[in-house]
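Novice: Single-letter residue listing:
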Amino acid sequence: DVKVTQSSRYLVKRTGEKVFLECVQDMDHENMFWYRQDPGLGLRLIYFSYDVKMKEKGDIPEGYSVSREKKERFSLILESASTNQTSMYLCASSLNYEAFFGQGTRLTVV
Amino acid sequence: GQQVMQIPQYQHVQEGEDFTTYCNSSTTLSNIQWYKQRPGGHPVFLIQLVKSGEVKKQKRLTFQFGEAKKNSSLHITATQTTDVGTYFCAPLDGFQKLVFGTGTRLLVSP
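Chains as they are written, first to last, in the numbering used here: chain A, 300 to 409; chain B, 111 to 220.
Worth flagging that the hints you see were computed from the coordinates, not collected in a lab.
Warning: the hint list may mix true and false statements.
[Stated by the list, open to error] Restraint-style ranges between C-beta atoms, simulated for each label pair: (1) A:ARG313 x B:ALA178: 43 to 51 angstroms; (2) A:GLY339 x B:VAL154: 15 to 23 angstroms; (3) A:ASP337 x B:THR191: 23 to 31 angstroms; (4) B:GLU177 x A:VAL409: 49 to 57 angstroms; (5) A:ASP337 x B:PRO118: 37 to 45 angstroms; (6) B:GLY163 x A:SER366: 25 to 33 angstroms; (7) A:THR304 x B:THR191: 42 to 50 angstroms.
[What the hints assert, rightly or not] Short, incomplete list of chain A residues facing chain B, as computed with Cβ under 10 angstroms: (8) VAL303; (9) GLY315; (10) ASN330; (11) TYR334; (12) GLU361; (13) GLY362; (14) TYR363; (15) ILE376; (16) GLY401; (17) GLY403.
Don't be surprised by glycine CBs; every beta carbon is placed ideally from N, CA and C.
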């Protein structure tokens, strides 16, 4: 079974902190994605990566950056956390089409 | 980027009733996927549609892709309480970018 693991299930951070959300997949997938999910807004794509060191902006990249130094790991970075970044963050990976999701990280910025 | 709208946003049915969610795009899609997210869970892949006019069935679920490849639908016959969750459509573009629709939340009362 494909496994996508997010480093934390719940996080509480202070405004202005630099926050790292880590995601690891174990199936050698080329593509990895970061989404945020908010009530009534569905899943919105922040960034995705189709190869090591490659990244593409999604629909809402402002305030975020990503890093993909190894194929299995895709990190989402909040350079200076703000309260409007309080959300559920979901990581996913895919090879050709079917995407597999991690369990999500609920981030609260206070 | 690609935008897909789903309707309705929410539907509450009695067990045994049918349910349909519609996904509409302003642009022609190369393919479309459907995912289901149970309450408290993460999205899980259901199916991918590729061909114009394609219809696929999974037990009580019927998926359709429009002739013009600008819309898609998911129909559930005789809903059960296990069908509760949010259903998302998600077009996949040629660069493997996966963007989700706004989702339809289904509640089924016994």
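Novice: I'd like to know which numbered hints this structure contradicts. Please list them from smallest to largest.
Specialist: 5, 6, 7, 9, 12, 13, 14, 15
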